Amino acid sequence: MFQIHDIYRPTKPLRRITGPVRVVDAVPFKQVVLIDMNAERQTVPFPVAYPEWIDLLNSKSLELAPDPFLRLTSAPTGLPPGVAQRLKSVIEATSSLSQKPKLLHAPKSLAKEIGTVARSMNLSKRTVKRWVLDWLQAGRNPAAAVREFIEPRADGEEPGKQNRGAKRGARRTKPDSASDAPAHEIRRKCEKAYEVYVKSQRMTWGDAYYEMLISLCDIPEAELNDSQHGLLMDPVLIEKYRPPTWPQCRYVFRKLKKLETAESNGEEPPRGKRGKATDNVPGPGFFEIDATFFQIQLVSRATKSKLVGRPTVYLIVDIYDGVIVGYAVTLENPSWATAALALYNCFSDKGATFARLGLPYSSKDWNCCHLPTMLRADRAELVSNMGMEFPASGVRVEVTPSMTPIAKGTVEGKHSELKRVRPGRFNLPGRFNKIRKRRQTDGKRYAALNILEFERILVEIIMDINGEPVDPRKIPPDAIQDGAKVASRIGFHEWALKNRAGFTRKMGRHFVYEHLLTKANGVVTPLGIKVAGEVFNCDRLREMGYLMTATNAHFDIPISYNPNYAGEVFFFDRAADAWLAAHNVDPEVEQYKMTFAEAKEYRALQILVTEQAALDNHGRRRKKTPVVRAEIQAAVAEKASLGVKTSGSNANIRKNRGNERAAERSAGLNGAVQQPPSSGRRTRSASSTPTLAATTTASPQSAPPSPSGSPVAGPSGTDALALWDEIDPSDAS
Numbered sequence: 046m047f048q049i050h051d052i053y054r055p056t057k058p059l060r061r062i063t064g065p066v067r068v069v070d071a072v073p074f075k076q077v078v079l080i081d082m083n084a085e086r087q088t089v090p091f092p093v094a095y096p097e098w099i100d101l102l103n104s105k106s107l108e109l110a111p112d113p114f115l116r117l118t119s120a121p122t123g124l125p126p127g128v129a130q131r132l133k134s135v136i137e138a139t140s141s142l143s144q145k146p147k148l149l150h151a152p153k154s155l156a157k158e159i160g161t162v163a164r165s166m167n168l169s170k171r172t173v174k175r176w177v178l179d180w181l182q183a184g185r186n187p188a189a190a191v192r193e194f195i196e197p198r199a200d201g202e203e204p205g206k207q208n209r210g211a212k213r214g215a216r217r218t219k220p221d222s223a224s225d226a227p228a229h230e231i232r233r234k235c236e237k238a239y240e241v242y243v244k245s246q247r248m249t250w251g252d253a254y255y256e257m258l259i260s261l262c263d264i265p266e267a268e269l270n271d272s273q274h275g276l277l278m279d280p281v282l283i284e285k286y287r288p289p290t291w292p293q294c295r296y297v298f299r300k301l302k303k304l305e306t307a308e309s310n311g312e313e314p315p316r317g318k319r320g321k322a323t324d325n326v327p328g329p330g331f332f333e334i335d336a337t338f339f340q341i342q343l344v345s346r347a348t349k350s351k352l353v354g355r356p357t358v359y360l361i362v363d364i365y366d367g368v369i370v371g372y373a374v375t376l377e378n379p380s381w382a383t384a385a386l387a388l389y390n391c392f393s394d395k396g397a398t399f400a401r402l403g404l405p406y407s408s409k410d411w412n413c414c415h416l417p418t419m420l421r422a423d424r425a426e427l428v429s430n431m432g433m434e435f436p437a438s439g440v441r442v443e444v445t446p447s448m449t450p451i452a453k454g455t456v457e458g459k460h461s462e463l464k465r466v467r468p469g470r471f472n473l474p475g476r477f478n479k480i481r482k483r484r485q486t487d488g489k490r491y492a493a494l495n496i497l498e499f500e501r502i503l504v505e506i507i508m509d510i511n512g513e514p515v516d517p518r519k520i521p522p523d524a525i526q527d528g529a530k531v532a533s534r535i536g537f538h539e540w541a542l543k544n545r546a547g548f549t550r551k552m553g554r555h556f557v558y559e560h561l562l563t564k565a566n567g568v569v570t571p572l573g574i575k576v577a578g579e580v581f582n583c584d585r586l587r588e589m590g591y592l593m594t595a596t597n598a599h600f601d602i603p604i605s606y607n608p609n610y611a612g613e614v615f616f617f618d619r620a621a622d623a624w625l626a627a628h629n630v631d632p633e634v635e636q637y638k639m640t641f642a643e644a645k646e647y648r649a650l651q652i653l654v655t656e657q658a659a660l661d662n663h664g665r666r667r668k669k670t671p672v673v674r675a676e677i678q679a680a681v682a683e684k685a686s687l688g689v690k691t692s693g694s695n696a697n698i699r700k701n702r703g704n705e706r707a708a709e710r711s712a713g714l715n716g717a718v719q720q721p722p723s724s725g726r727r728t729r730s731a732s733s734t735p736t737l738a739a740t741t742t743a744s745p746q747s748a749p750p751s752p753s754g755s756p757v758a759g760p761s762g763t764d765a766l767a768l769w770d771e772i773d774p775s776d777a778s
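My numbering puts the first residue of the sequence shown at 46, with every later residue one more than the last.
Bear in mind the hints are in silico, worked out from the structure with no lab data behind them.
Each hint should be verified, as a subset may be incorrect.
[To be verified] No farther apart than 25 Å at their CA atoms in a straight line, the calculated lysine-lysine pairs in the DSS-like style are these:
id: 1; residue 1: K690; residue 2: K349
id: 2; residue 1: K482; residue 2: K564
id: 3; residue 1: K105; residue 2: K145
id: 4; residue 1: K482; residue 2: K464
id: 5; residue 1: K170; residue 2: K157
id: 6; residue 1: K700; residue 2: K690
id: 7; residue 1: K464; residue 2: K489
id: 8; residue 1: K147; residue 2: K133
id: 9; residue 1: K147; residue 2: K237
id: 10; residue 1: K303; residue 2: K174
id: 11; residue 1: K300; residue 2: K244
id: 12; residue 1: K564; residue 2: K551
id: 13; residue 1: K479; residue 2: K349
id: 14; residue 1: K133; residue 2: K174
id: 15; residue 1: K489; residue 2: K479
id: 16; residue 1: K551; residue 2: K237
[As the list claims (entries may be wrong)] Here are the computed distance ranges between Cβ atoms for each label pair:
id: 17; residue 1: A94; residue 2: R164; range: 55 to 61 Å
id: 18; residue 1: S141; residue 2: R550; range: 53 to 59 Å
id: 19; residue 1: K409; residue 2: R470; range: 21 to 27 Å
id: 20; residue 1: T249; residue 2: V654; range: 19 to 25 Å
id: 21; residue 1: E196; residue 2: N270; range: 35 to 41 Å
id: 22; residue 1: Y491; residue 2: G454; range: 47 to 53 Å
id: 23; residue 1: A577; residue 2: R554; range: 51 to 57 Å
id: 24; residue 1: I677; residue 2: K285; range: 57 to 63 Å
id: 25; residue 1: A717; residue 2: A577; range: 23 to 29 Å
Since the model is a prediction, treat every value here as computed from it, not as a measurement.
Every residue gets a Cβ at the ideal spot worked out from N, C-alpha and C, and that includes glycine.
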């Protein structure tokens, strides 16, 4: 009926089998082990009960599918040396699993065996796991792990050919100050620095890195001195000399240290249907969302003399009647965070918006405050890491293909209608054409509206568009009796909410925090909630005992936050059944209204400045070290040439220490304060000071001992009563 390594795909939706699967094993005849053939999201093999599998085959719920690895050879030739070595490693890693087929029936045992193999081969567990899953998906063919080096590429290039590129891994927060040198360019310098500075001179890794930048990167000292910001902060020097970054150097050092320790120890895409976007839409509740840049120059709200650029406008349109149900206008770039503003406006009552803008409308004039059944958008926002969580709200999200604005033509048409020039009604100063011709204005000279004034006018335009009549053929017979009101877009929308209902619902109390704001896990520490490198705190955390509990062990709690404002995050208080705000403990973030990206860049810049300071200090230290060493050697040589020996007697030490302390004393805070000349008071003669100092220096034994064991006078002529010598007896009385 079926064979091992056959591929089946479901003919109807199944609970556990969502796509093509390969039969991996079925020896005990109690369960069939399958593996998902999705190469983008690899998963471990999973079992299906044998009777259930037979029922699926008998009911035609599964059908045979072609094997995509059928033509993949199991013994490729002509591979590059590195790829051939990888293929040998794959064969070695999978050979132990071939001898233990029972592991495929126990996912935990399989994971444990993969970890054992990874440790024995000195490889990452993820790498070995990826090889094993590729091997199983290809029907136990180890060549699947090097498939890209065997099969020809679509662009005609040789398989596996790689162009010279930049370094791999995560990018630094400030890319203009990060070297782009790949690992093979800097490895030799890092290895030499490890041998010379770490092993031979026993420098720390940080000092060895800085020494390598100065000595091994062939950067002239004149250019380092002429640089205004320093090597680590000068993009020109970084681009010219491509020095290694600290993470690159540290990675090579770790590898070398670890090595030392080991030694010592397809198909054509389907075509869409023709027609209008409003066809087959049963009622209101099917929305489209998109962003656009409005071609107008705005000025600052603080002063009209400063330009702030063009605004971003989000529109949400109901496909059924073409009414604009929500909007957002901001100076931020298009993102999920700004799209969430439009979604909140769409789902909430519009009375607060009219009151904030001071417009003479009420909620009845724009009665759009419902959640849709479906929301259609492009790939810009809703496919992002933040937008991927929105479908959990129950709203079905449809993502249109790239570069196909016709897939959401309703909202695209509303953008064009919104930006249409209306002479005599809305003559907006600062407007300019999207594609400007020669000598056409760019709007900067005539800009006069700020963001708030522009939003008022934008809402007026939206209300005007919503008042436009709909297509007469769309008005159903049972709506004619309501008169001309139902013929407008907003009137037809209100009528459809009552007579074509069932596709909308109201927004819940916690909807904004759970589905519109960005969700993450915050780590509770004794200082507060730590999120993205920032710490947030509030009194309620202390009242709930979270901070006290975190002193024993840190723990995670779910939080929500706005990526465009790093001053606060929200956490859920179960006792109060509400989301509460915790504020950033750094007042600078609140003062400058930073976003989370700006706060991350600010922290990275702080670290970069300290690294540059450490490099500068290391450069000064390496120049001063020979001078200090010479001074030490001179002092030792001078003592040796005099032939004297120091006495270890405590009495002599106290006596000598007293002489030295007295020699350091002088008037005016040991000479640090310049005293003005006094008049009418008895002062010590300046000419007597050197004489007394000379006498004391010449014959220290002739002076009577003071009660404290210290001499009476030092080189500057002061003694224990020097402060009282300046007092006139008449003043004391």
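Here is how each hint holds up against the structure:
no.: 1; hint: K690 <-> K349; result: 81 Å, violated
no.: 2; hint: K482 <-> K564; result: 45 Å, violated
no.: 3; hint: K105 <-> K145; result: 33 Å, violated
no.: 4; hint: K482 <-> K464; result: 18 Å, holds
no.: 5; hint: K170 <-> K157; result: 10 Å, holds
no.: 6; hint: K700 <-> K690; result: 17 Å, holds
no.: 7; hint: K464 <-> K489; result: 18 Å, holds
no.: 8; hint: K147 <-> K133; result: 24 Å, holds
no.: 9; hint: K147 <-> K237; result: 48 Å, violated
no.: 10; hint: K303 <-> K174; result: 23 Å, holds
no.: 11; hint: K300 <-> K244; result: 14 Å, holds
no.: 12; hint: K564 <-> K551; result: 22 Å, holds
no.: 13; hint: K479 <-> K349; result: 23 Å, holds
no.: 14; hint: K133 <-> K174; result: 16 Å, holds
no.: 15; hint: K489 <-> K479; result: 14 Å, holds
no.: 16; hint: K551 <-> K237; result: 66 Å, violated
no.: 17; hint: A94 <-> R164: 55 to 61 Å; result: 34 Å, violated
no.: 18; hint: S141 <-> R550: 53 to 59 Å; result: 55 Å, holds
no.: 19; hint: K409 <-> R470: 21 to 27 Å; result: 24 Å, holds
no.: 20; hint: T249 <-> V654: 19 to 25 Å; result: 20 Å, holds
no.: 21; hint: E196 <-> N270: 35 to 41 Å; result: 54 Å, violated
no.: 22; hint: Y491 <-> G454: 47 to 53 Å; result: 33 Å, violated
no.: 23; hint: A577 <-> R554: 51 to 57 Å; result: 27 Å, violated
no.: 24; hint: I677 <-> K285: 57 to 63 Å; result: 40 Å, violated
no.: 25; hint: A717 <-> A577: 23 to 29 Å; result: 48 Å, violated
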